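As they're listed, the protein sequences go chains C and V. Per the working numbering, the first sequence starts with residue 1, numbered consecutively. Per the working numbering, the second sequence starts with residue 117, numbered consecutively.
Covered stretches of chain V (chain C as the covering partner; in silico rule of three or more C-beta atoms under 8 angstroms from a C-beta of chain C): (1) 153-164; (2) 217-226.
Straight-line C-alpha distance at most 25 angstroms; calculated PhoX-like pairs for lysine-lysine: (3) K103/C to K173/V; (4) K5/C to K173/V; (5) K68/C to K5/C; (6) K68/C to K37/C.
It is worth saying that the hints were derived from the structure and are not from the lab. These figures come from a predicted structure and were not determined experimentally. Here a beta-carbon is modelled for each residue, glycine too, at the ideal position from N, C-alpha and C.
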Amino acid sequence: DQQVKQNSPSLSVQEGRISILNCDYTNSMFDYFLWYKKYPAEGPTFLISISSIKDKNEDGRFTVFLNKSAKHLSLHIVPSQPGDSAVYFCAASGGVNTGTASKLTFGTGTRLQVTL
Amino acid sequence: KAGVTQTPRYLIKTRGQQVTLSCSPISGHRSVSWYQQTPGQGLQFLFEYFSETQRNKGNFPGRFSGRQFSNSRSEMNVSTLELGDSALYLCASKDARGYNEQFFGPGTRLTVL
Numbered sequence: 001d002q003q004v005k006q007n008s009p010s011l012s013v014q015e016g017r018i019s020i021l022n023c024d025y026t027n028s029m030f031d032y033f034l035w036y037k038k039y040p041a042e043g044p045t046f047l048i049s050i051s052s053i054k055d056k057n058e059d060g061r062f063t064v065f066l067n068k069s070a071k072h073l074s075l076h077i078v079p080s081q082p083g084d085s086a087v088y089f090c091a092a093s094g095g096v097n098t099g100t101a102s103k104l105t106f107g108t109g110t111r112l113q114v115t116l
Numbered sequence: 117k118a119g120v121t122q123t124p125r126y127l128i129k130t131r132g133q134q135v136t137l138s139c140s141p142i143s144g145h146r147s148v149s150w151y152q153q154t155p156g157q158g159l160q161f162l163f164e165y166f167s168e169t170q171r172n173k174g175n176f177p178g179r180f181s182g183r184q185f186s187n188s189r190s191e192m193n194v195s196t197l198e199l200g201d202s203a204l205y206l207c208a209s210k211d212a213r214g215y216n217e218q219f220f221g222p223g224t225r226l227t228v229l
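Kindly generate the complete structure, drawing on both the sequences and the hints.
Take a look at the structure:
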C-alpha cells in the first residue's frame, strides 16, 4: 500500500530550465509535506516543506505547490543547475497535534539529471 | 550547529548475529527517528523516540528495537540478523517545538552475509 507515490522514476532537464517533480498521496490524514534531496550513500537533505493550510511555499529556487483536492504536490526548481542532479523524495506526515508528525512516509523517489 | 552523526558508517555482520547502531541528534533536538532504506522497499519508518520514550512505531518485527538516553542520543538494535536486513539505516532528529522537518544523518550501511 504505497500511500505516497512518485510516478516518474527519472527526469532529465537542461541547465537553466525548470525542473518539475510530482508526487501523489492517498491518505487524507496527511497534513504536512516535505521534499528531500539525496545523494547515494548519504542521508536525505531537507529542501522545503508545506503544511496543508497552504497551497504554495517558496524558498529561493525551490517552490512547492500543494493541491489538496487532487492529493497532489509538486516541486519546481528554477533555474535548474547541474548540482541539483540527485534523487528527490517527497514525504508526508500527520500534523503536529496528531502525534505522528515525526512518522514520515516517503515516496519512491525521482532521479533528476540536469544536463549542460 | 553540528549535524546528526551516526556510528559506525559501515558494518558487516553474519546471519544470526545482532547489531547496535548509534545516533547523536542535533543539539537541542529531543526527537530521534530511525528509517531503513532498501532498494526494494525504499525509505521506511522504523520508530521514533522522544524524551526516552518510543512515541511512534513502524511495521517492523520485534527484532528491531531502540532506545534513547537522557542526552537524546539514540541506539537501535537488530537481533538475529537476516540477509534482508542489509540496508542503509538512517537516523533523523527533529526540533520538539512542533516543526515537522527532520534532519538526517549520513546513515549506517549494514551488510548481512
